[in-house]
Structure formats: C-alpha cells, structure tokens
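Engineer: First to last, the protein sequences are chains U and C. Counting from 1, one number per residue, gives the positions in the first sequence under our numbering. Counting from 1, one number per residue, gives the positions in the second sequence under our numbering.
If you are wondering where the hints come from, they were derived from the structure by calculation, not from laboratory data. Since the structure is predicted, the reported quantities are computational estimates derived from the model, not experimental observations. Among the clues, some could well be false.
Said to hold, decoys possible - For the chain U half of the interface with chain C, some residues (derived, Cβ under 7 Å), not all of them: (1) 12; (2) 366; (3) 367.
Unchecked claim - If you want the footprint, here are the derived chain C segments under chain U, 3+ residues with CB under 8 Å: (4) 12-20; (5) 51-64; (6) 110-117.
As the list claims (entries may be wrong) - Beta-carbon label-pair distances, calculated as ranges: (7) C:70 / U:315: 32 to 38 Å; (8) U:310 / C:109: 32 to 38 Å; (9) C:35 / U:363: 45 to 51 Å; (10) U:4 / C:47: 40 to 46 Å; (11) U:4 / C:70: 37 to 43 Å; (12) U:61 / C:23: 19 to 25 Å; (13) U:292 / C:105: 42 to 48 Å.
Positions of the beta carbon are idealized from the N, C-alpha and C atoms, including for glycine.
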Amino acid sequence: MTADDTHRTINTVYRLESAKLIARLARMVRDVGLAEELAQDALVAALEQWPGTGIPDNPGAWLMATAKHRAINVLRRGKMLERKHEQLGHELEARQEMAAPNLEDMVDDDVGDDLLRLVFTACHPILSIEARVALTLRLLGGLTTDEIARAFLVSEPTIAQRIVRAKRTLAEERVPYEVPRGDELTQRLSSVLGVIYLIFNEGYSATSGDDLMRPQLCEDALRLGRILAQLTPSEPEVHGLVALMEIHASRTAARTGPTGEPILLPDQNRARWDRLLIRRGLAALERAEALGGANGPYALQAALTACHARANTAAETDWARIASLYASLAQIMPSPVVELNRAMAVAMADGPAAGLAIVDALTSEPSLERYHLLPSARGDLLSKLGRLDEARAEFERAASLTRNARERTLLLERAATCARDSGNAGPPSSDGRPRAIG
Amino acid sequence: MRFMVLVKATKESEAGAMPDAELLTAMGKYNEELAKAGILLDLSGLHPSSKGARVRFSGSNRTVIDGPFAETKELIAGYWLIQVKSKEEAIEWVKRCPNPHYAEGEIELRQVFELSDFTVTPEAQSSYDSVAAQLEARAKA
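Bound-form chain C, shown alone:
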C-alpha cells in the first residue's frame, strides 16, 4: 500500500527560507534510507504558497485567488510517496524523519487509493473500448 507523507508548512518555509545545511544533510540521509529500504516512490518540496494560487469553485463560477495564504499550519510544504506493508510501517518511517520544523510541527500520513480500488463498471469499460476504437481508426487513417 502507498502512503503520501505530507510535511506541513511553517512560518519559515512560507517566508521562503531554505532549510539550513544541517537539516538538509539530515534530510538527504533520511531520503537515502528510504531509498535503500526500497520504499521511496517519489518526493518533492513545494515552494511557499506566495508562488501558488487557488481556484475557488462556486456553482459554475471560478474565482482565482493568488497566494500567499494565511493558515500556515494547514499548508503543505512537501511530500514523500512511500510504498509499505502497513500503516504501522509507514508511521515507523515517519517517526525516523528529522524534525523538519525545528520546533513544533506535524507530518501527516494519508493512504493513497490504488487504481485498482476504482472498479470499472461494464458500461465504463465499453465506453472506453469505443473511444479506443475511434482513436485507433483515426490513427490508421
């Protein structure tokens, strides 16, 4: 099973401050451990929310709101995607992460749906088949 491990933002990360050398080294070592254990699928750090935006949906209306956003602790600063055998195993790995917040902070784990969790209805399959057939016909033409 896969877990997305979400690091929450801090005042520092929202201010665009890069982690210091010590934390960078510790994080690099930790990432290496995840890779050596064969469980690391993907990872990324996110720019502060000032470089992002939100699109607000209201019925058929779309409103764009530029960052930064106020609720720092709810924002995400980075993620890992890991493949493990159990939630306990995922938690064990997260506990080994160097504290990315220096002081107080949280890392959240969320189990990721697998594609096979979404069952295909016969209708969906046959609609896919017909689209695929059209695409093929076009490709051959």
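The shape of chain U in the complex, shown without the other chains:
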C-alpha cells in the first residue's frame, strides 16, 4: 500500500467513524465544537502513526480510544474543568465518572443514543435553519466545509463561519446534549425531519449543469433519514419521511429528458423509475402506517407519491385515493396549495367540472393571488370543459405570473391553442388531461 493509499484509507475510515466519534465525545465534554476538534486530533494521530504501524484491525475502535484519551486529558486539565465547573456544576458527578473510564466498555457500548443526541443538537431550533443544515451535514453526514459550500452554491468561508457560529451558539446558550422527551420530542423531531427534507429537496432541485455535489445531497439526506429510522424505529413520521424521499429518489432518472429538460410526472418514462427504491419506499410507508402514523404530514405526502409509484401507467393512477389523501393533508396542514392539488385530483377522478368548483372557490384566496399554478390549473379545466376563451385568458395570466421561461413558453402555447380552437368552435381538445401539480 502506498503512502497515498494509506492516507486515502485513513480519511475514508474517518469519514465512516467521525459522526460516532463526535457523538460520543460530545457526551463526555458537553461541547460539540470541542468534540469535533478532539475527533480531528484523533485523525491527525492516525495520519501520523498508521503509515508506520499499518492500519489497525479495528480502526474505528482505535480512533475512538485515542479520541477518548484526549478528551479525558482535556477534562482533567484544570482550565477546562473550572470553566465547565462554573457552567455545569451539576454535572460534576457525571464527569468524575467519566474521568475514571473503563475504555473497553466505552468502546464497545452502543453509540446510538449519543448519535441521536447529536442529531437533536445539530438540528436545535435555537439555530437558524441554514446553520442546522450545515451543522448536520458536517457533524452527521461527514461532509467537509468545502463540499457543503459547493452543494449549496455559497462560498466556503460562509459555510465555515456558519458552522463556527452555530457551535458557539450551542455552547453559549448551554443547549443540553440530550434527546428531548414527551411533548418536546414531537416538536424537536419535526425540526430534525425538516432539516433532512430540506437537504433532500436542495439536491432534488439541482439541474444538469450543477456541481455533482448538489444531486449528491439527495443521497446524503436519504442516508441521514435511514440512520434516523434505525435510531428511532418507533417514530412513524421518520419512516414517513424516508418513504417520501425513497419514492421521490426513485424517479431521478426519469425526471429529465435527453437535453436536461424537466419531464413532468404524467409524462415520465416509468421504466426508468428505480423499482428497488420504490419497494423500499412502500415498505417504509407501511411501517409508518403500522405504527399508527398514516395521518402524519410526511406519511400522507409519502402515500400520495406512492399512488403514482404503484401505477404502471399514468392512466392507472388512483385519483380518487389521491383526492382523499389531499383532503386528509388539508386537515392537518390547511393550505390553499394543498386544496388546489386536491381540486386537480378530483378533476381527474370525477371530471373537470367537479375540480373547477373547488378551484373557483380558491380564486378569492389572497395568498394565491400571484400564484401562477392557480390560473394555469383553472385554464386547464376550463379548456377541457370547452370554455376556451376563458381558458385562454387564464393561461395568459399564468404566463404573466411565472418566473420560469420554459414554463411561460408552454403556457403561452396552450393559450394560443385555445385561441385557435375557439376560432374553429370545435369540440374541446381531447388530449388535454389535467396536469398534476408539483
């Protein structure tokens, strides 16, 4: 093995172990920033020693033992102890316990609880959402600052500073390193799930010209979700989120055409959907439902995507079920956008007139005033009902509201088609089916 190979192996081992190292060390020193420094000290020690001694049989345990020795030294060193003493006097007892450790036990015992503490700390609501995302990717995803910066299209110093500040905030605000309980757990878990889903969506919205780090975020988020599902197997919403991400990810190869143009769900080549991810997604959804979580926001959204995943062709889609799932979603997350989606599902299940009745009720909704998908949806239903002049006006209005050039072209084309067909006064165009939104 060349020196280069050894270095690469050491860095790979560190990437695999760093979250566990930081999680365990943070429990000892009660400071995630210090914990990360200590973990990196262990990496430096490995880089110094392993090229000479060879890579140990259990490199993870070696890193953990080395890092813990350093943590104990730090804890024993007076300064640190005093500073901590003032801040966290009540933890003295716990720390003394730590100061006389049985290293063997500490290496072998389950690190899962510490990982979970780290997840909740990195996603603490005291931090801005950007800081939560950066800290989670850094501490739990094992990404470097540079990788996070590239993935989020911002400069490396910006991310570095964001992470430094986040760690400082956690220390200054004395955020306890623990897994929340009871009512707080639900709320805090929702922050964790929100962070993971945001990371996923950031990757999902990447376009073909982007740095490869961006689409990679989908895999990072999926991995974090799968890890979380192992750590909290009885939380239905965690499985719901995993299901949602697995099924979305199953469509990756079908979402863009040969020249990188986006392909909407009804037009996707379903042969290019990843069957394994669909199977995993449906299994995760079943777990969420079996745990009584069928009505959680992520489980409901996963159930919606599952309706599409189960249909072999767009025509086989169970629109009645989709409409009823949107109705359930509207109950827990009342939103005009959800209602608009429900309207389009109802139109598919019961015909355009039924859908239009719901859409019409939304036209007075102030939050949708500038929302181009509302006139676009209305135009679609009107054109199916043969009300072509009204439809044309709606498509034109939608075109004037969208900021996406490709979408504007499409909408203006549909407006032109309405104008032409209206001149011919023929029957409504038969190919126009409502477009699923989103």
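Since chain U is already given, all that's left is putting chain C on it; use the hints.
Structural biologist: Relative to the frame of chain U, chain C by itself:
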C-alpha cells in the same frame, strides 16, 4: 454510488451447509451495522448451484444446463447492495465483514450502473411516448 458486494461460494456453501451459529450471529451483527449506517439497500443469500440452472446461448439455440456447477470459486453465494460515497468507503465496509469462508475466500465489489447512466436518446423517448399513449388509450377504452 452503489456497489454490489458478492460473496463467492465455498465447498461448504455448495454442499448446502448453513453457516454455524457463531457466523450467523456475526453476520447478523454486521448487517445491522450496515443498516445503522444507512447504507444497506438490499441483501440476499443464494441456494447452492445444485438448485439452479444455466441457459446457454449459441446463436438462436438455447440449451438448459442444470446445476450443480464445478467451478466453486467462481460461483456466487450471496450479495449485499450498498449505497456509499466512494469505492474506498465500500472497501472499508467489506473489510469489516466477518470472514464468510472460515478459511480462504474472496468477496468481490462491483459498482452498479445507475439508471441515469443510461442516457435516453430522443428516438427512445419518442418511442416510449407513443407506446405510453397507446397503453393509455387502451386503459381508457
């Protein structure tokens, strides 16, 4: 990226011998580690080749050959499908696997093509579109 991790067969696995309790426990623990790390997508063990068959292709001819097959070391006894960030990471995980062969043996790693590695030509897309349209028309009829 995904890797298929292939465990090669042994005389014992080809004879249909199940792993002993110790190895089963170690393997179970290892699989759990893969799952906890969020990288395990799929896994399976395969029956001995005596329960399998081969279909030999020669031009337009197809000949069926029943197992077992002789070249034990070339046969596959099981696989994992893992999703990792690099080949190095995949290798690191495989090194941590308990020795499934007791003595000598090999585990092979192969990177899996992603669906998106197969680009769609405009012709293929339009042929798909027309097939899809026909299917839809039939479903509506």
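Engineer: Of the numbered hints stated previously, which ones are contradicted by the structure, given in increasing order?
Structural biologist: 2, 3, 4, 5, 7
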